[in-house]
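**Student:** Chains as they are written, first to last, in the numbering used here: chain A, 1 to 157; chain B, 1 to 253.
Just so you know, these hints were derived from the structure itself, not from any lab. No experiment lies behind these values; they were computed from the predicted model shown. Be careful, since some hints might not be right.
As the list claims (entries may be wrong) - Dumping the calculated EDC-like pairs for lysine to aspartate or glutamate here, alpha-carbon to alpha-carbon at most 20 Å: (1) B/104 with B/117; (2) B/168 with A/126; (3) B/89 with A/28; (4) B/89 with B/149; (5) B/172 with B/213; (6) B/89 with B/221; (7) B/109 with B/141; (8) B/168 with A/28; (9) B/172 with A/46; (10) A/2 with A/126; (11) B/104 with B/25; (12) A/92 with A/126.
As the list claims (entries may be wrong) - Cβ-to-Cβ under 8 Å is the rule here; a few derived chain A residues that face chain B: (13) 92; (14) 94; (15) 127; (16) 128; (17) 140.
Even for Gly, the Cβ is constructed at its ideal location relative to N, Cα and C.
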Amino acid sequence: MKTFLRNILWGVALIALQTTAMRLISIEGIMPDVVALWIVVVALREGQIAGTVAGFVSGLILDVISGDFLGIGALAKTVCGFLAGYFYDEFKSSEVFGTYRFFFAVIFSSLAHNIIFFVVYLQGTEIEFARTIIQFGIGTTAYTSAVSIVPLLWKRT
Amino acid sequence: MTQNNNKQIRALQSFAIAFIGYTQDAFSFLPNPFALERQRNTLQELNVSLSEEVSFLRSAALENLHLRTMLAFRERSNRTLVAADIVGKNIHLMRNTITLNIGKENGIKQNMPIITETGLVGRIIAVSDNYSLGQILLHRESRVSATVERSRVNGIVAWNGGLQLVLKNIVKSVDIKPGDRIVTSPFSSLYPRNIEIGIVSSVYHVPETIFQEVGITPSVDFATVERVFVIISKDDSERNAFEQTNAANRQDQ
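With the rest of the complex left out, here is chain B (with noise of 0.2 Å):
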């Protein structure tokens, strides 16, 4: 089993995802059964309190909202954003990506990350011409650079497996409680620094350790979001190898 870093793996991850991206764009109008059976369900909760009419002017002004916030956090960063539908989203065995409507021709490279108005989505993992795959932090690869932003705390977020990101190697003495919110490290040579992970929604003390299990819910709902942006950053080629020749070195002594 090898790593997917290779040129030729590169160019036929590129070919898939290019095939992938149109066929999952020309499927993506199509809606979940079970998730519209959700959605129904919800939708009768608000017509005991709403009316038909404002419920449909309440879904339009909500859209509405949604796209001036989309816009609002456009203008206010300071960090050059593309804007991209996600147009398929695939979950199989657990391999959690989303595939974006923007590639290569949009400046997307690989690693980038990827964003919404609430938090951090995730990263790009592979690029092809007009589509890009982006692996989200619901994904067991995904690892984050992590600061609890009251008490500076650094660590590393990874997924559990659920609907939840855990915080690792924090110790028990540390500052740490419900409700902290968790942003990205400025040490992240991936992660612009201060964007929202998540919110502690759990501390528990491992008997026998000398570490915590930090629970963190996600500010971004990955089951609904649609839209994302994507930081265009540049290129930082020359501190991963510097701090790669670095380790290197240091393994020889």
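One chain only, chain A, in its complex shape (with noise of 0.2 Å):
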């Protein structure tokens, strides 16, 4: 209970950190995706199944907040959850910061988040795929990785 309410803390106060605070360090108009650092953290320590949950969840706010059509954010963190999921060590769910497990299923499930998001996202619109995929599809995940690997340089320096 204590773990799970935890959670919800963290994911709130991410919620509002990337919906308001974020943006002071976008890159043109790329930012960090600190919610779905978020569900990788609660997939890597509480498993597939508490990650996706995490993911929808977490989507469907986003999805309101945006004032967009709902389904599409909580679509794409439900998968980011369930494949940072694979990356589950029962015996090694403690570590998870500073390690190369961390750094990778962030690369792996934040890239598949963009592409999905993306992919129904700019259906019926006059915006450019392949342009969109990689300056904001590849520029998000980038950036989230680059903020994932600070507690793993943290831990070797």
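Work from the hints to combine the two standalone chains into their complex.
**Tutor:** Structure follows, in structure tokens:
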């Protein structure tokens, strides 16, 4: 129960951070996805089902906040949590930050998240798919992965 | 997936916007370091030709001028305008929206147009008591019925994913050229007529189609805009209901 509440509090705090303060470190409209980072942490600590549920709920909340139509964020973040769950190791679940496992889980699940998001999001628009995937999909993945590597570098030094 | 039009979703959205609005308001004084870097470079260029004192005075004068322009614009406009500060800009994953520090208590409702003295910004998509969420023109769902001011050609303005807009449904035979001013159409049910949207920056005849691609540079600089007006438009529900009923009747026939 304590872990559950802690995860919810972190989730709410990071959703608030994502929608308010992350623009302060945005580069050309690209910012790290700290909610995706939280989903990966939940998946690596609690397993695939917890990661999937965390992804769905946080994605749905972000959909509501965005004023956009519902479901895209929920779908993409559900997949993000599900894929991150494949990196779960019950014997190493307490060691998440500062591990290569966390870094690779972030790259893999964040890239899948962004591709799924933009494949659906750009349907029926004038927006060029390839350019968007490269600029925003890969850009956001790179920025999010760069943030996830900070604990690893911290640990190494 | 569904559109966010039912009552429960609206209530949830209203709560979320109020929460995010208050939080963004609290963070709105903090600058973006990367934006600051760009601003620093610009200021360095200015310093070549201007002394520090003149630069400071110019900045103050510009702000004064900006506020006076806004005031004059408000006075000469025959529409009812409500001024608002942008307290948050949401740009994550191309879901480009702005949070305004006005809401239901200021008479703001969904679909009201947002403008500045230079042109159209977008429209209100969700409202709480003291905050509202605006969808800017640089958004995947933004569609504006527009007219080329010179030749009175009509089309639909949409976003192309970058910093430009595109004018859709323009056939090759139509008279349109770079420099033409694009304004809101008289046929729009959302936006008042003749609000500037942008200037035609490029015209490209797409091979093997009857249409041409028309690029538009928006009149509003969305990166720097800080203050806007919301047009308190009268309820046009009768027109909307009439048009929807007619469309439904035509489908039935």
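**Student:** Each hint needs a verdict: does it hold in this structure or not?
**Tutor:** Evaluated hints:
1. Between residue 104 of chain B and residue 117 of chain B the alpha-carbon distance is near 23 Å, which puts this suggested pair outside the 20 Å criterion.
2. Taken as a hint, the residue 168 of chain B and residue 126 of chain A pair is honoured in the structure, with Cα atoms around 9 Å apart against an allowance of 20 Å.
3. With a CA separation close to 13 Å, the supplied pair residue 89 of chain B and residue 28 of chain A stays within the 20 Å bound.
4. Of the pairs offered as hints, the one joining residue 89 of chain B and residue 149 of chain B is violated, with about 31 Å between alpha carbons and a cut-off of 20 Å exceeded.
5. Pair hint residue 172 of chain B plus residue 213 of chain B holds up; C-alpha atoms about 9 Å apart against a cutoff of 20 Å.
6. Restraint check: the Cα-Cα separation between residue 89 of chain B and residue 221 of chain B comes to about 13 Å, which is no more than 20 Å; the hinted pair holds.
7. Of the pairs offered as hints, the one joining residue 109 of chain B and residue 141 of chain B holds, with about 18 Å between alpha carbons and a cut-off of 20 Å not exceeded.
8. With a C-alpha separation of about 26 Å, the suggested pair residue 168 of chain B and residue 28 of chain A falls outside the 20 Å cut-off, and the hint is violated.
9. Distance hint between residue 172 of chain B and residue 46 of chain A is unfulfilled; the C-alpha atoms sit about 59 Å from each other, more than 20 Å.
10. As the CA atoms of residue 2 of chain A and residue 126 of chain A are separated by approximately 47 Å, the hinted pair breaks the 20 Å bound.
11. Straight-line distance between C-alpha atoms of residue 104 of chain B and residue 25 of chain B comes to about 17 Å, which keeps the hinted pair within the 20 Å bound.
12. With a C-alpha separation of about 46 Å, the suggested pairing of residue 92 of chain A with residue 126 of chain A is violated against the 20 Å cut-off.
13. Restraint check, residue 92 of chain A versus chain B: the minimum CB separation of about 31 Å is more than 8 Å; hint violated.
14. At about 31 Å, the closest approach between the beta carbon of residue 94 of chain A and any beta carbon in chain B exceeds 8 Å, and the interface hint on this residue is violated.
15. Because the beta carbon of residue 127 of chain A sits about 3 Å from the nearest beta carbon in chain B, less than 8 Å, this interface hint is met.
16. Given hint, residue 128 of chain A at the interface with chain B, holds; its Cβ is 6 Å from that chain's nearest Cβ, closer than 8 Å.
17. The restraint placing residue 140 of chain A at the interface with chain B holds, with a minimum CB-CB distance near 7 Å, inside the 8 Å limit.
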